[in-house]
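There are 2 protein chains.
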Amino acid sequence: MSAKENPEVNLIFTNHVAQTLDEVVERMNPSSVHVLVDVNTEAFVLPLLQAESKAVANAKVIRVKAGEMFKNLDSLTSIWKQLGETDANRKSLLINLGGGVVTDMGAFAAATFKRGIAFINVPTTLLCAVDACVGGKNGINFNGLKNEVGMFRDADLAIVSTLYFNTLTSQELLSGYAEMLKHALVCSPQLTKKMLSYDVTNYNPDSLLKLLEESVGVKQKYVAADREDRGARRALNLGHTIGHSFESLALERKSPLPHGYAVAFGMVGALVLSRMKFEFPSDILNAYVEYVRRHYGAFEISCDDYKRLLAFMHCDKKNDRPDAINFTLLRSPGEVEINVPVTDDDITAALDIYRDLLGLP
Amino acid sequence: MSAKENPEVNLIFTNHVAQTLDEVVERMNPSSVHVLVDVNTEAFVLPLLQAESKAVANAKVIRVKAGEMFKNLDSLTSIWKQLGETDANRKSLLINLGGGVVTDMGAFAAATFKRGIAFINVPTTLLCAVDACVGGKNGINFNGLKNEVGMFRDADLAIVSTLYFNTLTSQELLSGYAEMLKHALVCSPQLTKKMLSYDVTNYNPDSLLKLLEESVGVKQKYVAADREDRGARRALNLGHTIGHSFESLALERKSPLPHGYAVAFGMVGALVLSRMKFEFPSDILNAYVEYVRRHYGAFEISCDDYKRLLAFMHCDKKNDRPDAINFTLLRSPGEVEINVPVTDDDITAALDIYRDLLGLP
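Chains A and B are the protein sequences, given in the same order.
Read in order, the letters of the first sequence are residues 1109 to 1469 in the working numbering.
Read in order, the letters of the second sequence are residues 1109 to 1469 in the working numbering.
None of these hints come from the bench; they were simulated from the model.
Some clues are possibly wrong.
When chains are identical, the list treats them as one kind, so a pair holds in a single copy or across two.
[To be verified] Taking lysine-lysine pairs in the DSS-like style, the calculated list, with each CA pair at most 25 Å apart, reads:
| no. | residue 1 | residue 2 |
| --- | --- | --- |
| 1 | K1168 | K1254 |
| 2 | K1362 | K1254 |
| 3 | K1199 | K1254 |
| 4 | K1162 | K1329 |
| 5 | K1301 | K1362 |
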């Protein structure tokens, strides 16, 4: 068995998911097992696991609707209810089988049901594997705000595999890969070059699993240093300030931008600012831009959009000062500067260069 | 200032509440202060604190309905909403001003709003001071079940005082004092004797504050040994197995029994069983029964009720075996035995003796 265990954070990277689950569940010896799915993972992933894993075959199935718009209080309430109806008690185990919405809600439900039961995350998307299932953040959207309600609690275990990615579209793979590129950029030149020479849309399950393990390792390092996201962990915000403003603008245009794409484009802006402020190396900037152009295309903006984008950035909850916006920037891959105040003029200049680099008119 | 700080658990025992609050809030330097009240504490306690505490005078007031029946998802949702509407952010502080319902819900809301903001509990009832605001348990009732949803998180600070007890009825004082008697019984003969010679219905604010500090100290010791209530903390279940069955029977009779009264009566049964099983000293049993008769009276049961009471006990969630019920019992005050299996016959015998001791026909 190729499973590799990290005792500190309860993460296993393996493509033998069913076997690993059965071993772990046997060791945990819960009084009952419940598995949370959405309509997608119920159709495409649950049957595979039910066929191979005794623990899942015997588990009680809890269902929620699929998609970010159902990451809400109604779905959370429904999970609590279904846990009660399927006789979960304090010694029960919940397996969250799905993408970020399922693991975020399932983790929060488990962490609060009868004041906390055990849970295992089995991410079925690349984005969730690399991001949502590590770091202990969970929660729901509430009152129109993302992740307004939730908490920090690590899963008892996350089983990361690439087994179920064959049902993902190229767009979903690329969306997840953007976070892996981010981890590479805040880690080292070596990992950055390795990630930029890998075509995730044409992945091999074993090589991608190895890359995932390296990438998640980077996130863990930052999370361990700053569990509640008040300092060092802000390295992981690279690309997110401009990225979020792109996401918000795309929403206004009624053509939503996948989160990973927004981050990929936002990091172009962040690396441009990093070059302006800290002489970030141009060869890596160019290689990154080339990767984005080839795989992600471009998020189209014109100078008419700048005012709106700046307004979004000033609203960003991570911002404390009215006269400048705090960015996470890089001196070079792995050399992170957090809380760098950047003026509107500098951002405007960076957006001009973003358009040039991505060939926008 | 008589405040005494326990650095481990962030508890201050003082009757200088306003001054203490202002000092602590200044040190915490939150971006905003919000104070949660119910209609009772809004009318009787909030004005006093607003007059004396700058922090409370400037705080934004968040309101919930009063009473256990409103310890539910609707009230929780309303607190989250009001936190958002009063512009709370991750660096805000919530002060929970009330009894157990307010501190349980306020703590859960604060622990989950934006993945957790700081909160201070200021209990205004004896029961909350001695019990609910220590130990980190919070939550709401859900789906007809008590505390079905919640978590463990310590308050950043609890300020325990006897200042606001003058609005409590004798029944409310005695209900809280039952938990103090319980703490004494699981602690030592000395503390038991001291508590049994104190008339809480005729209390002096300073002497009661000192007793409270001793009593809460006992709870802290057990909680520290077993934060998530899986072993040693079960000492604190003394009297609760029979007590809960009395509460349930009283509910069926449509004349609810205050929780503390149920515990006081339940402990008579538990001490009788302790005498039967472990030769618990008869002088202390008699002194305890005398205190209960004088102050609490008796919960009336006849042998016709035994079957129903046993059924309630078998349903109790803390019970794992069908052929016996697990009790927390005492060899003597402070010498606790948890998970003692007791047969229906022994319980029946104990209920007979309970009726004798309390002078029931």
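Now for the hints, and whether the structure bears them out:
1. With identical chains, the CA atoms of K1168 and K1254 are at most 25 Å apart between copies only, with a shortest distance of 23 Å across copies and 29 Å within one.
2. Proximity of K1362 and K1254 under a CA criterion of 25 Å is satisfied intra-copy only: 18 Å inside one chain copy versus 44 Å between copies.
3. When the C-alpha separation of K1199 and K1254 is checked against a cutoff of 25 Å, the pair qualifies only between copies, where the shortest distance is 17 Å, while the shortest distance within a copy is 31 Å.
4. Proximity of K1162 and K1329 under a CA criterion of 25 Å is satisfied in neither setting, with 34 Å inside one chain copy and 42 Å between copies.
5. When the C-alpha separation of K1301 and K1362 is checked against a cutoff of 25 Å, the pair qualifies neither within a copy, at 35 Å, nor between copies, at 72 Å.
Hints 4 and 5 from the earlier list are contradicted by this structure; the remaining hints agree with it.
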